[in-house]
Structures are given as C-alpha cells and as structure tokens.
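Participant: Now for the letters of each chain:
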Amino acid sequence: MKIAVCIKRVPDTETRIRIAADGVSADEAGVKFILNPYDEFAVEEALQRKEKAGAGEVVVIALGPDAAQETMRTALAMGADRGVLLRADAIPADVLAVAKALAAELKDGGYDLVLFGKIAADDCAQAVGPMTAELLGLPCVTAVSKLELDGGKGVAHREIEGGVEVVEFALPAVLTADKGLNTPRYPALKGIMAAKKKPVEVKPVTFAAPRLRVAALEMPPARKEGRIVGEGPDAVPELVRLLREEAKVL
Amino acid sequence: MDDSLFFREEHLEVREMVRDLARNEIAPIARAADASGEFPWPTVAKMAELGLLGIPWPEELGGTGMDYISYIIAVHELAKVDASHGITVSAHTTLGTSPIVDFGTPAQRAKYLPLLAGGKVLGGFGLTEPGAGSDAGGTATMAEDKGDHYLLNGSKIFITHAGVGEIFVCTARTTPGTTGRGITSFIVKKENVEKAKAVAVGFGHDDSITWTKGVRAGKKEDKMGWRASDTRELFFQDAVVPKEDVLGPVGEGFVQFLKTLDSGRIGVAALSLGIAEGAYDEAVKYAGQRKQFGRYIGAFQGISFALADLATEIEAGKLLTYQAAWLKQNGKPHKIEAAKAKLYCSELAMRATINAVQVHGGYGYTTDYPVERMMRDAKVCEIGEGTSEIQRLVIARSILGDVVGGG
Ligand SMILES: Cc1cc2nc3c(=O)[nH]c(=O)nc-3n(C[C@H](O)[C@H](O)[C@H](O)COP(=O)(O)OP(=O)(O)OC[C@H]3O[C@@H](n4cnc5c(N)ncnc54)[C@H](O)[C@@H]3O)c2cc1C
Chain E
2 MKIAVCIKRV
12 PDTETRIRIA
22 ADGVSADEAG
32 VKFILNPYDE
42 FAVEEALQRK
52 EKAGAGEVVV
62 IALGPDAAQE
72 TMRTALAMGA
82 DRGVLLRADA
92 IPADVLAVAK
102 ALAAELKDGG
112 YDLVLFGKIA
122 ADDCAQAVGP
132 MTAELLGLPC
142 VTAVSKLELD
152 GGKGVAHREI
162 EGGVEVVEFA
172 LPAVLTADKG
182 LNTPRYPALK
192 GIMAAKKKPV
202 EVKPVTFAAP
212 RLRVAALEMP
222 PARKEGRIVG
232 EGPDAVPELV
242 RLLREEAKVL
Chain Z
5 MDDSLFFREE
15 HLEVREMVRD
25 LARNEIAPIA
35 RAADASGEFP
45 WPTVAKMAEL
55 GLLGIPWPEE
65 LGGTGMDYIS
75 YIIAVHELAK
85 VDASHGITVS
95 AHTTLGTSPI
105 VDFGTPAQRA
115 KYLPLLAGGK
125 VLGGFGLTEP
135 GAGSDAGGTA
145 TMAEDKGDHY
155 LLNGSKIFIT
165 HAGVGEIFVC
175 TARTTPGTTG
185 RGITSFIVKK
195 ENVEKAKAVA
205 VGFGHDDSIT
215 WTKGVRAGKK
225 EDKMGWRASD
235 TRELFFQDAV
245 VPKEDVLGPV
255 GEGFVQFLKT
265 LDSGRIGVAA
275 LSLGIAEGAY
285 DEAVKYAGQR
295 KQFGRYIGAF
305 QGISFALADL
315 ATEIEAGKLL
325 TYQAAWLKQN
335 GKPHKIEAAK
345 AKLYCSELAM
355 RATINAVQVH
365 GGYGYTTDYP
375 VERMMRDAKV
385 CEIGEGTSEI
395 QRLVIARSIL
405 GDVVGGG
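Sequences listed follow chains E and Z, in order. Here the first sequence stands for residues 2 to 251, where the numbers follow our numbering. Here the second sequence stands for residues 5 to 411, where the numbers follow our numbering.
Accuracy of the hints is not assured; some may be wrong.
What the hints assert, rightly or not - Computed footprint of chain Z on chain E, listed as stretches where at least three residues anywhere in the stretch have a Cβ under 8 angstroms from a Cβ of chain Z:
1. 71–78
2. 130–144
3. 226–237
Note that these hints are calculated values from the structure, not bench results. Every residue, glycine too, gets a C-beta built ideally from N, C-alpha and C.
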C-alpha cells in the first residue's frame, strides 16, 4: 500500500499570535511551529494502514519554506518512510495554487491513498484536500473519523451534525482526517534517530499569479478569561456560590 | 538559556516529544499517583516503549543511540510535570544502568543491558545502608568469598526501585574494616514485587533473569514526596552472588560509586530544575489570573519581583546543569560542576516551590493545584545522591583540598 500524506507546518496552537507590521500576516518571530494537529491523524492512519498491510510506503509531502523540513522530521520520526518538500518561500493564500502544486507532485506517484488533515490550524481553509482530489480526478471524503479498507474499496465514517454519515468509495482516493480516526503515536527516540537518515527530496515550486490576497488580519476581541473552580462533584458548591454571588446569574 | 548553546535539532525533538508525553499522559495522573503512592505502571511502560529508559546508550547496547544531553532533557521535562516520573528515568539510567555500561565485562553488558537500556525491566542502585548514608564508605554489608561465589549479608535502605525493579548494582564489603578500599560492586537480581501489574502493561518483568537467591525487598517507604517512586529496603540474607556477577575489580566499588554519583547528580540537578521550572510556570500562570484589590496579583511588586528572581535563578540553574551535562558528554572532568549544579538546583527547587505555593495563597496549600506536591517533591532533591552538605563538602574540598579534610 503506497500512501501519501500531505502535511503542513503551522504555528503551535498554543502560541500567542501577533499580527506583523504589514497587517496581513502573522509575526513569526518567536513563534513555535508544529505539525498541523489534524495532519497527525493522517500520518498515524497512513502508518497503521501500512503496518496492517505488512508492506508499502508512506511518503509525507509538505509545501512550505525550508523550515517545513523540521515539521517533516516529526512525521518521519513517527515512522513515515521519506519526505518531499515542495519548497516555496511563503504558502500562498490562494489555496488552489497549493492544491495544484500538490496534485502535480501526486499525479504520477502511484498512490493508493492520499491523506490530508481535515483542516489546517492556521488558515482553516479546509479546501486543499478536496481541491487536490478534484485536480487528480479522485474521489474525496472529508472529515473521516473511521475508516475501513477492503481491497480496492473503502468505507469512511464522517461525523456530521447530529449523526454519522457512512460513505463508500473506490481506491485510489483522497481522504481528510478528523479527530477520532486514531490516536497519533509519540515519535519514539529510536524513530527520532532513524528520521535523521531518511531521505527528504526538496523540489522548488512556483505559482501562477494569485487570484486572491489577504487584505487584512484582525485579532478577535479580547475575551474575559474563565476560571477553573475545581474538578468533579466537590467543585459544585463553590461553582454555585460563584454563580450566585459573583456572576449573579442564579 | 539559548537553545543553540547546547542543543541540536534532535535535542529539540526529544524535548518536544517528552513535553507532549508529560503534558498529555503524565500530568493527568500525577496527583492521583501522589495520593495513592502507587507505582504508575501504565505511564512508565509508555516511557519504556518510547525509549526513555535507555536514552544515552548506544544501539549496540540496547539503547536509543542518543546522547547524555538528550537524557538530561528528558529528566528535566518530566520533572516539570511530575518528579516521580523524572526520578524513575534518572535512577534507572544513571544509577541502575550506567555502572554496568561503565564497569561491566562484555558478557555482563551483553546479558543485562538489553534488559535495562532496552527498557524491559527497571534497574536500581543499592549503596545507602541504615548505618552508612552520607558516609557510604562505611558500608557494612559483607560479601564473603566462597570460591565460585560470594555470600552477601546485610541490608540497604532507601533504594529506588527496590520493589519494582529487577536488576541492581549493590555494594558490599569484601575486606573487613571501615575504609572505602574494601568495597566491591555486585549485580543482584530479584523479582519485581508487583509482577502481575508489570505483566499487565508488558513491561517491568523478565522471566529469563536468574534471580539471586537470598535477596528480598522490604516494605515500601511512606514518603513526603516522590510518592509515585518506589523506595524500599533491600535485604541480603546469605545471598548467593556468582563470581560472574561481580562488577569490576574486587575492591573498586568505592571508586566506582563515586564516579556513578558524579553523573547521577547531573540527573538530580535536571530533576530539581524541572521541579523549579514547573512550579515557576504555575506561579506565573496564577499571578496573571488571580485578582485581589482589583488587580492581578502579578501586578504587585511583592509577587512580580519574586517571579523575576526565580526566572533569573532558573536561567542560572539551566546553565549549570547543561554545562555539567556537556562536560560529561564530552568526556571531560565534571565532578565539581555536577556537585555545583545539584547543590544549586536542588535548593532552587525548594525556593521556587515554596514561593509558588506562596503566590497561590491558600489555594496553593490544597491539592487542587500541583504546587504543594512540587514543594514536597523538591525536598528530597537536597538529600538523595548526596545531601546539600555533602555537595558543599565536595566543592569545598576542590577549593581548599586538605584544609577541609575528610567527611
Ligand atoms: C527518596 C529517596 C530515594 C533514595 N534512593 C537511593 C538509591 O536509589 N540508592 C541509594 O543508595 N540511596 C538512595 N537514597 C539514600 C540517600 O542517598 C541518602 O539518604 C543520603 O545519601 C543521605 O544519607 P542518610 O539518609 O543516611 O543521612 P545522613 O548521612 O545520616 O545525614 C544526616 C544529616 O547529616 C548531614 N551530614 C552527614 N555527614 C556530614 C558531613 N560530613 N558534613 C556535614 N553534614 C553532614 C547530612 O547532610 C544530613 O543533613 C535515597 C533516599 C531517599 C530519601
């Protein structure tokens, strides 16, 4: 089973983001970058599929700056076999451009499965997976929380509002991973060491003129912080007291 | 401390992984394990599976092939969340495993390191005795030469992993008297007293080990801190240790354990630093949440200056600890640097946790916040692997030599 996982380097979801002086981008100074959390589910699923099949290859593909190689190391340390970095100084805001570059890389790769995370934690576009599928002419199932594969066919479960949708599809296919699909493994220390020796191919990419641009970036309005009163039933009396005396809602 | 001073990319990856593990898997159970005092088998098994029990040893010996700095990073990160998990890794690695790496014959290394460095069972180090603590040269456990084996009689106290571990390096006296020269190291094996739990998690017991007859663990100590770490007495009653389990030359035990403790102390320094930083982080968070007199308490100079001092001291502690680790890693003398790092960081852990409880006020005194546990966990850092007084003695001797004289 040959599986591609498209991964993205994104700011740590716990980092405090500041808007850069240009007003349209995030200030990267001092920001820690991580493997997009939903992509971890995709990587884990690919590894489990390969392990189950007993043979195959898991290739991780990232589009981004050189620094995205560090992110790629995480996936390689988890167990992916090799990486391809589609190198671009900046990731275009026009996600179709990203999808086109990925589709070009994936087209002749002979992949049985192409996995994405459901959503990137930074731009939240949720579009690159489906767009890439469309460009490749492959079926696409988004937000997969359970997956069964049997020969050339697959069944995917999707959590939808108030229920579960079960979708059948034929391989090869493009899927985007939701939480619940699996529990991503921690990279073992041996995996971290092994990742240093795994090949990463770097291919520069160029994009056509963008058809959209980010006009402005704004911080959400400040939210009043919450307070944790305690845990479990013991916390209830204090919570009730606070709701009555401080929040005055009871 | 700037990362580029001592860390390469793989170090940052180790840090990231251990941080995630600590935050996601260990932090949620730390309080319960502290309260019950039960050894946290599932999380320790997880650490073993990820390679955290064999970090600085080469792959040929069953380790992960990483370096000493990576090991120090792991202990440091674990202790930020839970000191008990930190000491489990530290005691197993530097006390339990390193003597066999450093002094073992090829046969001993081939036999025991895949089990220890490979993270199959826990190891420990039996030096301290009821009558020989700081003065470990006063070891009274006797080892009598019986031709093809030694017969050990005596007992060890406060031995980390004495209950849950299976392979131990222990010292005993092969020449009667009270001097260090008559002490020899032995490898002894006893079955995990929590075997069923170990088997259930798939880590901590190995049937292939031949147990040393006459070795037994005592009851678990009920401790102030490090409560999820297993500390017990180890008894030797006509314990039969075959000569193949003598570690290094006869009479070299004293010299060996001084060397083992030199690097062990860097581990305790990292552990102490982790506790200090963990408590400091909690205090900073709380100071920005809690309001009194209409302001965040962090706005009061009494609080903010205390945090400023801690931030500065933690920085100093990191530099001391990672410098000592770097010296050790590069094969340079590190005895004094290790003693300084351990002395400074263990006392810092105490100050930092006391202050963190203070910043939390009454809430910090309850188990709803982790700082009271951290304060209890910090104290033993000033005691284990050489008390603060002993560290001062080591440092003072290096300055004043014979003027200071013997312990
Ligand atoms: C939780 C825990 C885990 C441990 N794990 C292990 C382990 O795995 N293996 C192991 O071998 N040991 C272990 N120990 C033992 C530990 O190393 C000893 O407790 C420590 O070395 C001190 O010895 P002691 O308790 O006998 O105190 P003592 O030596 O009796 O000291 C009592 C006091 O006298 C002071 N003192 C002693 N001599 C001098 C001097 N010359 N100058 C000034 N002051 C002095 C000490 O600093 C201390 O304040 C552990 C201890 C604890 C509490």
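Participant: With reference to the structure, classify each hint as holding or not holding.
Facilitator: Now the hints, each set against the structure:
no.	hint	verdict
1	71–78	holds (count 4)
2	130–144	violated (count 0)
3	226–237	holds (count 4)
Hint compliance for this structure: hint 2 alone is broken.
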